[in-house]
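**Student:** Each chain, letter by letter, is given below.
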Amino acid sequence: MRSTSEAPITEPHPVQRAPRAAGRGDARVDPVRASSGALQIRSLSHAFGPLRVIERLDLDLSEGEVLGIVGPSGCGKSTLLELVGGLLAPQKGTIEVEGAASPAARLARCAYMPQRDLLLPWLAAIDNAGLALRNRGASRAEARRLAHPLFERFGLAGFERSRPAQLSGGMRQRIAFLRTLLAGKPVLLLDEPFASLDAITRAEMQEWLARALATEARTAILVTHDVEEALYLSDRVTVLSARPAVALTELAAPRPRALPRLDAVTSQGFTSARERALAALSGGTR
Amino acid sequence: MKRWLPPVAIVALLLGAWELAARLDVIADALKLEPFLVPAPSDIAQALWQDRELLLENTWVTLQEVLAGFALSVAAGVAFAVVLHLSPTLRRAFYPLLVASQTVPIVVLAPILVVWLGFGIGPKLAIIALICFFPVTVNTLDGLGAVDPDLMKMMRTLDASRWQTLRRIEAPTALPYLFSGAKIAVAIAVIGAVFGEWAGSSSGLGHLIQEASAQLQTDRTFAAVVVLSAIAITLFALLAALERRVAWWGPNGPRS
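Residue numbers (the working numbering), protein chains in the order written: chain V, 1 to 286; chain E, 1 to 256.
In short, the hints are calculated from the structure, not lab data.
Here the structure is a predicted model, which means the values were calculated and not measured.
Note that the Cβ used here is the ideal one computed from N, Cα and C, for glycine as well.
Careful, some of the hints might be misleading.
Stated by the list, open to error - If you want the footprint, here are the derived chain V segments under chain E, 3+ residues with CB under 8 Å:
(1) 101-114
(2) 127-136
Stated by the list, open to error - Covered stretches of chain E (in silico footprint by chain V; criterion: 3 or more residues with CB under 8 Å from a CB of chain V, positions within the stretch not fixed):
(3) 90-100
(4) 162-171
My request is simple: use the sequences and hints to build the entire structure.
**Tutor:** Here you go:
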């Protein structure tokens, strides 16, 4: 677990989570905490009709850990996140987030950041970021007050009132990330967050996210097809096979997030981890 | 080139050709442009000026019908679209009926409505609302359904209730669609008012057209048509301007 000495201001607080979850049969699932981990997946299988997407997958994640998941395109990474986040119910196997297994309970505990920024063009940047706060009943002024410090902290100061159309791809992605953080959920599910960006912006954004994750200390799953990105941003990387996805190998990332990205990705430990990941990927592509 | 130049030039060109055809006996005879059948533009302009008080009086009557009927159709159309959007069952049940409602000729319906609602503004509003309702409902319904499915998923993970998703996502997405429907509606509302007045009334531009054409006062008839067109164009332009202000993220908004 990373240091939490720098208290994250977006720490999920009980008021934010409890009321909504209560109506969804949360209480029935919760009393016995099955594991101390943040996430536990056991022999998960999922298919869309005849298309088997995920097969007997096991995953564990402890609190505060960032797990990178890499795999070839179309291997079911996004489906996995939707299953974990409670947007889909698994056909076989179990998923527990903080010990809660029902899709509604997982929905209440996971914040999902989609591949595209999906910012609402009719809302200012700060109102986009505070969407979840508004949904939980905060007034617009209140939501802005809570979102404002994050704009300062994540290099977006001065852009609070900009419309999404006026912002660059990297900025839009940052706002999408703030929107995910402000959902106030303990687990972040990041689905290829930088796939739509150009190479330079992407590298910048990776450094930015590394810093953001370091200060926020959230449990997170980062799905990507970019091995380097996964190794740089995660504590641990799981390599998935092509469809149906099974876990091929698991690597401990050299945790280079404290370093500038260029130093990190050229370090000895990093390059050897990358080679092992790539070997696993090419061996596992059927 | 100025933006208004092309439409003005086309209209001027057409009017010039028309005037020429009506004035030159050779062309007028060949095309059977009798003054009682098709008056020259200058005759129409003259009628517009001479009958200005008569026209103004009746314009006010028709404008009231158009505005009230249009407002009614937008309110009813949006409400109906939201209900059909929220309930797939109701949507399946009512959609064919919605389309069928547009196939009933107004001339069949108008006398019935007059019998039911009397000779006042009632049947005119009903007729206008009936024909304007359709483009508003269909467009709004399409707009409400045009939301990116990923956005709907995202709203679920951001703890949105059904109502919040409707208000924060689906309604703003549908707004430019609503404007498209409303712009079609406002143009045909004018036709609806004319039909309504034909079915039974003692004033309004439709009534004036009916009366003038029965007395072969063709220039007055055409003058009333010009005013009707002007009403439609003005209302359309006002809606388009409003759209740019309040639904600027749609296809007709100014690019930022």
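**Student:** Each of the hints needs a verdict: does it hold here or not?
**Tutor:** Each hint tested on the structure:
1. Counting residues of the stretch 101-114 of chain V whose beta carbon lies closer than 8 Å to any beta carbon of chain E gives 6, which meets the minimum of three for the stated coverage.
2. Residues of the stretch 127-136 of chain V with a Cβ under 8 Å from some Cβ of chain E number 5, which satisfies the need for three, so the listed coverage holds.
3. Beta-carbon proximity to chain V at under 8 Å applies to 0 residues in the stretch 90-100 of chain E; the threshold of 3 is not reached and the given coverage is violated.
4. With 3 residues having a Cβ less than 8 Å from any Cβ of chain V, the stretch 162-171 of chain E passes the three-residue criterion, so the hint holds.
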